[in-house]
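Student: So the sequences go chain by chain: A and B.
Residue numbers for the first sequence follow the numbering used here, beginning at 1 and rising by one.
Residue numbers for the second sequence follow the numbering used here, beginning at 1 and rising by one.
Any given hint could turn out to be false.
With a straight-line Cα cutoff of 25 Å, these simulated PhoX-like cross-link-like pairs (lysine-lysine) come out [what the hints assert, rightly or not]:
#: 1; chain 1: B; residue 1: K765; chain 2: A; residue 2: K252
#: 2; chain 1: B; residue 1: K637; chain 2: A; residue 2: K93
#: 3; chain 1: B; residue 1: K111; chain 2: A; residue 2: K35
#: 4; chain 1: B; residue 1: K645; chain 2: A; residue 2: K93
#: 5; chain 1: A; residue 1: K247; chain 2: B; residue 2: K765
#: 6; chain 1: B; residue 1: K59; chain 2: A; residue 2: K2
#: 7; chain 1: B; residue 1: K637; chain 2: A; residue 2: K252
#: 8; chain 1: A; residue 1: K227; chain 2: B; residue 2: K638
#: 9; chain 1: A; residue 1: K79; chain 2: A; residue 2: K35
#: 10; chain 1: B; residue 1: K638; chain 2: A; residue 2: K282
#: 11; chain 1: B; residue 1: K111; chain 2: A; residue 2: K247
#: 12; chain 1: B; residue 1: K638; chain 2: A; residue 2: K93
#: 13; chain 1: A; residue 1: K247; chain 2: B; residue 2: K637
#: 14; chain 1: A; residue 1: K2; chain 2: A; residue 2: K35
Here are a few chain B residues that face chain A, going by a calculated C-beta distance under 8 Å [claimed, not checked]:
#: 15; residue: H213
#: 16; residue: E343
#: 17; residue: I683
#: 18; residue: P701
#: 19; residue: T702
#: 20; residue: Y768
#: 21; residue: K770
Simulated from the structure, these hints should not be mistaken for laboratory data.
Treat the numbers as computed from the prediction; the structure is a model and nothing was measured.
Built from N, CA and C at the ideal position, the CB exists for glycine as well.
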Amino acid sequence: MKYLVPHSLAEASELLLDTGNSMLLAGGTDLLVEKRAGRISPEAVIDIKRIDNLDRITLQENRLVIGALATITDLLRYKSLPEELEALHDAGKEFGCYEIRNRATIAGNLAHASPGAEFGSTLIALNAEAEIFSIRGIRNLPVENLYIKAGKTVLERGEIIAKIIIPLRNNSASSYFRASRVNGMDMAVINCALQGFYDNNKTGGLNYRVCLGAAASVPVRLPEVEKMLSRIDGTAARSSEVFSGIKSYLLKTLNPRALSLRAAPFTKKVLAGNLIEDACCKVRERLIK
Amino acid sequence: MELKTVGKSITKFDAFEKVTGEAVYIADVEFPNVLHIKVVRSSVAHGRIKTVFTEDAYKTEGVRGIITGEKIDFLAGICIYDQPPLAKDRVRYIGEPVAAVVADTIAAAEKAARLVRVDYEELPHVEDPVDAAGEKAPLIHEELGSYFHLPGFNPEPGTNIFHHYHLEKGDTEKGFKNSDVIIERTYTFPHIAHAQIEPHGAIAKWSKGKELHIYSSTQGPFIVRGALSRMFNIPNNLVRVTVPYLGGGFGGKSDLTIEPLTAYAAKFFPGRWLRLILTREEMFFGSLIGRGTHSHIKMGFTRNGKLVAADVKVHLAGGAYGDYSINIVTGTGHNATGPYEIENVNIDSFGVYTNTPLVGACRGYGHPEAHWMTERTMDIAARELKTDPVKLRLKNILKPGSENNLGQIIRKSNGDLEGAIRRAVKEIQLDKREEPDNPRFAAGKSIAALMKSPVMSTNAGSSVIIRANRDGTFHLLASHVDMGQGSVTALSQIAAETLGVPVEKIHHNRGVDTEFTPYEWQTVASSTTWKAGSAVKKAAISVLERFKAIASEVFKTTPDKLTASNERIWYGRNSISFADLAEGYVFPDGHAIAGPVIGTGSIVPQGLTYPDRKTGRGELAAEWTFGCQAAEIELDKKTGRIRVKKFVTVLDAGKIINPVMARGQVEGAVVQGIGAALNETLIYSDKGRVRNSNLTDYKIPTPEDTPDEIVTVFLETPQPGGPFGARPLAEHGIVSVAPAIANALRDATGMDFYDLPLNQDRILKALYGKGEEK
């Protein structure tokens, strides 16, 4: 196996194109696990950690930009995180353990395309885009359109997630909840990210974006649930009616895979409804405080 | 007499080297020209080996040899000889060693191992112990009838039952006829993993064709020595077993594990060290796993709550080879009805071959399995009888004068079970109810009593040596393995107390070497402080006697006129220091008498017997430790997760030699027990493969999963014959964790659970399932 160290995105992209079976190495927290398990055996590992300025997190006028090498710890320590993006902080705190957070990158978490990835559902709920670099050109893609199936994204050979761009939205709040088997380091049994937002004039009711992780082979948005949530008007009776409607809808419609080691399909379906309820209440609390 | 060292929380002697990383574990041991082993393992749960193709693997650079089992002419074992170190022509579980690839580097060995191809003729396989004991089950060992076994075991050839332990007392038919309330339930305890921090390792070398030296991560160096000596037909004193620091055992490194395979492979490369270190994944199927019982219990009570009859059937899924769990079958059997006196008892405990990894000792050794059913059933019975579960227990517990299942009469000195139950009730504040403010949570509390005996060979001996040095210090040499439990420190405290010297003057060997340290059966059964500790006391007394004998020559008197104190031997007002007596006393003119002083102590458990062939009764338990545990839990009904808010353990372990270490043992056991109660289970595929052979999906508790509060209380009824009154203590903290939690869950929710673990799948299905997802 070759170990290659490019110093620019262009060089990295070229190496990807030139080397048949090659993989990018950033934090390595997925790559090394997969390699050790014998599930991958790349001819070359392309270590992008020496590329300058890729680890920045910057707050621009209408957006937060996260560089490809920014780690979970970088995110958790980032002092100017806008309040409405608190779901990112929620997700970071649940992610792995301290040691893993110091290595793992947010972009890597997306690129690995694990169905239960903390930042898959979170970035979809936040309507984020990935800026994808290749020597053939740069394209922007909503994170929602990134996934094909577990472990597989639409990225083509030579393409690298260079940045993640999260739009800021006035009058919005977000949250991330997950269910796990133990409190310490664990994978999500199922996770839920949720954004609540008013339209620009704050005239209508609250709207939602909801995304579940580990409920299917890719993170899934739930437009039907979003619609149902928007019927919440702040009264307790209405809320409980909406949530029980959502729970029965999920029991009927979700179809998690039967052989998950983490939970039975029924467990995931029940948890999905309960997490959405918790995440929605948290968002309303954050928005209305 | 006031104790100076025993009973004090002295810091562990080996804490420094473990914290600093100085301690050398098996994987740190290095030799020149070492060869590495990678094991090729069976990919089918049950089958005949047709062909092993090694040609491609041989072509790998660095490969020195590929060893298969076809020429093996012996079977490994201790209690029953039923396993070849490499599969011979048959594989019986996924993970069974089929070939050992030997290479210059581990990378080459791994690469070549992937190129070994094995063709199997697959046979039907069975994982469930009740199915496996049935008539229709595929026979896993046709040769069971020809296997050698020690007395006290009862294989049933022609079936998969490698040991049937039967116990009977009184007349159960009459007992149930006289019962007003009969409770009958079935319980399961799944296979679990020990998850020791340190993976198993062995490094072996043969010399001159008849001398074997093996380094091993074993809890039983002398067991390994004896077994290898027999297997390879070489004398005991030409097998040397060295144990460096051990990184956690929990029973999973007792008896034999990977030593026969490593030693067999090394025989093909005389003069060279062969090294096998298991990977984390192999720890789940390449060494030993634990538990795996299916139990049916029927208990009969009179209207006023007297437990008058019990009938129990336990099936233990022992895995493909039975040697490792054969004693657990007996232990689960005679403990199956918990710490209660019952007039009429019938117990059948079956060790059953299954096409799964091998079950061995696992912290608790049959007792958690037994108490899972008994202590749940006692709570259920209390409800049926409309009585208080504490009162029901107190009415039926073993107390002084009671006769237990084995026919032993319980003495006051066995400990205060009633006191333990009352204390646990008090500590958990069982009568005080606090309902959570938030209706998503449900809170509950309950208790579960316990008893445990050390299950051991009738001749499980211990011996120690104490050497006196000329500066007044001492060497304590013993062969128990300190795998974290602190026995090196505890035994040093016993030596120091007996000799009357500060504990700093005792140095205890770290690690064990059968070439230099004296015989110890093995470090299991929570027995070291009590059993080896008794030998230490004897050895220290023999040192003092020797000192007195020498001093009596100096003082021209008889030894009985002398006393020992303040590190000196006294004759009236005159005295001689231990230091001056240690290596030959020298008179003022230079002439010397006596020689270097060595003290020895040896013991064997007193009066143990084999079980009676018909009734299963007899002296199977050398001692008893009684106690009670209590849990306060909170269930989050939205996540299906249980949080243990408070966990109480009260044990009567006799004199506590080192309180902090004793508490550490209990707390560790409690947390491990919580892991098994809430989450841990091996998950098998329909082909019989362990699917979660990693710590990503075999979830053990983390520090964030420990209870908010762990309370440990020791009652100290002295144990006659135990060193300073100590009795066995260690595993006891795990015994009733699961029933205490499940009883509290019932208290919180009204839901009864009979299968472990109490994970989200089980709880959410019970809360929301309503039969729709069966």
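Student: All hints, please: hold or fail.
Tutor: Each hint tested on the structure:
1. K765/B - K252/A: holds (16 Å)
2. K637/B - K93/A: Distance of about 23 Å is within 25 Å: holds.
3. K111/B - K35/A: Measuring from Cα to Cα gives roughly 14 Å; hence the hint holds.
4. K645/B - K93/A: holds (23 Å)
5. K247/A - K765/B: holds (15 Å)
6. K59/B - K2/A: Holds. K59/B to K2/A sits at ~23 Å (cutoff 25 Å).
7. K637/B - K252/A: holds (21 Å)
8. K227/A - K638/B: holds (23 Å)
9. K79/A - K35/A: Given that 25 Å is the threshold and the Cα spacing comes to 35 Å, the pair is violated.
10. K638/B - K282/A: With a Cα-Cα distance of about 15 Å, the restraint between K638/B and K282/A holds, given a limit of 25 Å.
11. K111/B - K247/A: violated (50 Å)
12. K638/B - K93/A: holds (21 Å)
13. K247/A - K637/B: holds (14 Å)
14. K2/A - K35/A: holds (14 Å)
15. H213: violated (32 Å)
16. E343: For E343/B, the interface hint is violated, since the closest Cβ of chain A sits about 44 Å away, which is over 8 Å.
17. I683: At 6 Å from the nearest chain A Cβ, I683/B passes the 8 Å test, so the hint holds.
18. P701: Nearest chain A Cβ about 6 Å off; hint holds.
19. T702: The hint holds - T702/B has a Cβ within 8 Å of chain A, the shortest such distance being about 2 Å.
20. Y768: Hint holds; Y768/B Cβ to chain A Cβ min 5 Å, cut 8 Å.
21. K770: violated (11 Å)
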